[in-house]
Amino acid sequence: MQTDSQQFVLELQGISKQYGTVQALSKVSLDCRAGEVHAVVGENGSGKSTLLGIASGFVEPDQGTILIGGKRLRKDSPALARHLGLGMAYQDNSQVLSLSVKENLFISAPPHRRPVYWKMKKWATDTLAEFELDLFPDAPTMFLTQAQRQLFEVVKALMGDPKVLLLDEPTTALGPDEVDLLHRTIQTYAQRGVGVVYVSHRLPEVLTIANRITVLRDGKSQGTYNASDMSEEDLVSLMIGRPFHSAFPPVLENPEKAESVIMITGFQGPLFGPINLTVKRGEIVGLAGAEGNGQAEFFKCLSGQIPPKAGLVMCEGKELTLVSPVDAVRAGILLLAGNRKHEALFPVLGVRNNATIQVLDKFSNFGWVNRKREFDKVTDLVKQLKVRTPSLEQPVQFLSGGNQQKVSLTRPHLRESVNVILAYEPTQGVDAGARLDIYEALRAKANEGAAVIVKSSDPIELSGLCDRVIVMSRGQIIDEIQRADLSEKRIIESIVGGIGFGLNGRPRVAGPRSATNLDKDRGD
Amino acid sequence: MKNLTTSPLLTSIVVSSRYLSVWIGILLLLLACYWIAPATLTRTSFTTVLPLTSFLALAALGQMLVVMTGGIDLSIPGVMTLAALVTVGISGNLDERLPVAIATALGVSLLLGLISGTLVGVLKLNPLIVTLAMGQIIYGVALAYADNVPNEASVPPAFAAWITAPFLGLSNVVWMVAIISILLVLIFRYTEFGRKFQSVGANPHAAWILGLRVNGYVILAYMTAYLLYGLNGIVLAGFLRSPSLVLGAPYLLGPIAAVVIAGASLTGGLANAISTWGAAFFLVLLNQMLRVLGLPTALQFTVFGIAIIGGMVISGDRIVTLIENSLIGISRFKKNNAEDEKGGVQAT
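Protein chains in written order, with the working numbering: chain X, 560 to 1083; chain E, 129 to 476.
No lab work stands behind these hints: they were computed from the structure.
Backbone N, C-alpha and C define an ideal beta-carbon position, used for all residues, glycine too.
It cannot be assumed that every hint is accurate.
[What the hints assert, rightly or not] Rough simulated footprint, nothing fancy, chain X against chain E, three-plus residues with beta-carbon under 8 Å:
{"hint": "1", "segment": "312 to 322"}
{"hint": "2", "segment": "338 to 346"}
{"hint": "3", "segment": "416 to 429"}
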């Protein structure tokens, strides 16, 4: 029965899911045959992760049926889904970080595959060797690099002999060797009759590995296509749903003429450095790279959350001491944090309270807030940024992701003197409709004279929004792509092909500034 | 993508619902008193209910500040006892030494608040355990200090008289606490400081990233809270004239109960001083009613315990979530009806 290639190992029929006010998925259907690699592509917030969550029993759908290996998944239970033959590699990894590699492998294996307890190490070594994964079985999982964790996550998912394997963004932290390894593993299992659902941002990879591709946009399926009939351009236009140029605001006209506002030289911190970067007023610079290559730490150091180890940051000609967020904010460096609920917003407080928290002194006399002035200003801004909220007192926890991001964006718009905006994954969890508003809000602030640095894992977004994109690998800038050469394809080539990661490639400890790097920066 | 809370009116209902249950509770309790224990609602009864409400409310307002930073304060009895003893010990029955006594008691409270605040805010220790330990230490100090205070010592008579002296029909202490409650409401609603304090409580990590000096606000919360406890110890000493060593004991759980029933968010940020006062009134009135009904004093503990749990079940975050979910539920139903129309709009 397993050999029948037409047999569906996963069928999702008419799946709908609503989160609060957001329709995350609306009547999406997807099927995966045995032995097939079925890719799901879509922008941030298009519902890919929710769809996988529902298929794996992690999230309960509002409507729709899930069939795994022909049997219906009747309740939202990951254990039941696994029992029916589903393996899932989660994007934000599902390992117990305080346990070792072998223990994690042990608990993820089904009971009949587990060895007796004292033979665990030998068993783990053999299993890892089978997958060509060179990990030390006794190493605590928390010491693995992001790339190693991602590969290990797939191995864990395969432990249960699944009929269908779901991979949620399995390559975000991987270099070319590791991507090859993963794809070899996937193909081996597909030939054995396992169906693979492969969710990824990286279109070239998707086109290489997938048999069929389903495109999601804003929670709706845009159809399923044979990979051999599709090109990257076809996929991009299906994903963004309109001509590429109208999905983004116009870029900067004459970047050469602008004055530079922030100059970063020899900047070093945990997991990155030395970095040399100059950003001009009005410029939006994209920060690309495989996950876990120092981008997050770079942003944390620039926003004063982690004290940097070395280097010089000059903002408007003044040298900055970035030892606390207070210093960064005072210098006009504002962070749009990626984890909005924990790092940016006050979920229980209203829109007005969230918007003006940094600029209350502008509305107050001797510490007494003029609520009328505050109210009027925020009302204007809510209109300008198209924040959809019933009232200014609505707690932001009840707003959709896009509107939450717009509330964070009111903060730089309420200040006149913004020098740098650091936007970390600004459209994560944002629906397609709100995305353009957010790009426009960022561009508007850039046009007022701010320098914007956008860290994003979405190459389409970077290529459409930015004036220039820098690519980080192992904590260093390895490539810089100017506007003229900017394309989704070029960014991915640079991310994947820049510097080969070794299979055990850990981010290098920051060493002395190398002459070649300096030359390259000056050359631009 | 619209839900029913697109109306500003409904939004304000959802937002304020967390503070509503206490007033409904008071209303029900008054009705219950009227039916089964009318003696609770007499004028004589209220001459004890209102001062006791004020004492509980004053401690609860301090507790509220700590809860707004995401902590819970278990050191209230210690601080109150120490402040009361210091007032009695220094003033020693003499009216002219009263200002020095009050200033010293408040100063000591502030200093202790600074210590607790630093331990919680700067060293990031668990507030529950820090205040429990601080309460023990402070109570130990109070016991040691009590050896120097003669047994028959009491507060100066003029001060004792001032506490219960009526002004416009209510005693001074009732007015004092009412004014402090209103002041706190105004501070959180209208001042830059109060707004930032609230934000720090609602999400300290985000507040820190946005450039607020989070530690400072936490320390200040504990200092102000301890100041209020100290003040409470002083006025309670004045009310009791000769304070005992167990004066603070009922104020361990009472203020927590009041803050929770008042609808404060235990994760921090949201609280309302007036509804905290209302919750204190509720608890004292409930106690009074049970006494009028002739139930044993021991039942007080059980009642407080049940009141806290009941308060957590029906107020604060839970009720807001409940109301919001039911609204979203209705809107989802509406939306399914309007789905075709919406699809048409998006296609254009």
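Going down the list of hints, with the structure as the test:
{"no.": "1", "hint": "312 to 322", "verdict": "holds (count 4)"}
{"no.": "2", "hint": "338 to 346", "verdict": "holds (count 4)"}
{"no.": "3", "hint": "416 to 429", "verdict": "violated (count 0)"}
The structure fails to meet hint 3 from the earlier list, while all remaining hints are met.
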